[in-house]
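Here the sequence shown is numbered in my numbering, starting from 52 and rising by one per residue.
Simulated from the structure, these hints should not be mistaken for lab results.
It is possible that part of the hints are untrue.
To be verified - Per label pair, the in silico range of CB-to-CB distance: (1) 97 with 57: 55 to 61 Å; (2) 80 with 167: 36 to 42 Å; (3) 72 with 159: 36 to 42 Å; (4) 158 with 126: 27 to 33 Å; (5) 127 with 155: 29 to 35 Å; (6) 88 with 174: 32 to 38 Å; (7) 112 with 161: 49 to 55 Å.
Claimed, not checked - Once the Cα atoms are required to be at most 20 Å apart in a straight line, the calculated SDA-like pairs of lysine to any residue come out as: (8) 151 with 107; (9) 157 with 137; (10) 89 with 159; (11) 81 with 62; (12) 152 with 109; (13) 89 with 139; (14) 80 with 90; (15) 83 with 71; (16) 133 with 106; (17) 133 with 113; (18) 157 with 141; (19) 137 with 89; (20) 152 with 166.
Don't be surprised by glycine CBs; every beta carbon is placed ideally from N, CA and C.
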Amino acid sequence: GSNAASNLQHNLRTLKQRWDSVTARANDKKIKLEIALKEATEFHDALQAFVDWLTNAEKVLSNLKPVSRVLETVQSQIEEHKVFQKDVSAHRETMLNLDKKGTHLKYFSQKQDVILIKNLLIS
52 GSNAASNLQH NLRTLKQRWD SVTARANDKK IKLEIALKEA TEFHDALQAF VDWLTNAEKV
112 LSNLKPVSRV LETVQSQIEE HKVFQKDVSA HRETMLNLDK KGTHLKYFSQ KQDVILIKNL
172 LIS
């Protein structure tokens, strides 16, 4: 009987070790998935906001009045354009950060994801 008992003891210990290993690995995976979700969500949201801003900037440029030759009008056009250029300059950092983040995500992604991320950055 004692041989069967020690056999059972050994089997139970092995079972417990395997259980612990599975739960630890599952937990690691959960953490990695949560981090990936956070990164992907942040990237997607920032990209969407930037695309919206860019679309608006294009509209502003398309709808500008012709350059005036009247002194007061052209002076006010210059001031408006300075404000617009400041806004464009302020978004340069955002674009560089998006590019950096996209590159980071591509580096840690599966092949099929890389193509998707590249296409998001290009569009």
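Quick rundown of the hints versus the structure:
no., hint, result
1, 97 with 57: 55 to 61 Å, "holds, 60 Å"
2, 80 with 167: 36 to 42 Å, "violated, 22 Å"
3, 72 with 159: 36 to 42 Å, "violated, 25 Å"
4, 158 with 126: 27 to 33 Å, "violated, 49 Å"
5, 127 with 155: 29 to 35 Å, "violated, 43 Å"
6, 88 with 174: 32 to 38 Å, "violated, 22 Å"
7, 112 with 161: 49 to 55 Å, "violated, 38 Å"
8, 151 with 107, "violated, 23 Å"
9, 157 with 137, "violated, 31 Å"
10, 89 with 159, "holds, 14 Å"
11, 81 with 62, "violated, 28 Å"
12, 152 with 109, "violated, 24 Å"
13, 89 with 139, "violated, 28 Å"
14, 80 with 90, "holds, 15 Å"
15, 83 with 71, "holds, 18 Å"
16, 133 with 106, "holds, 19 Å"
17, 133 with 113, "holds, 16 Å"
18, 157 with 141, "violated, 25 Å"
19, 137 with 89, "violated, 31 Å"
20, 152 with 166, "holds, 15 Å"
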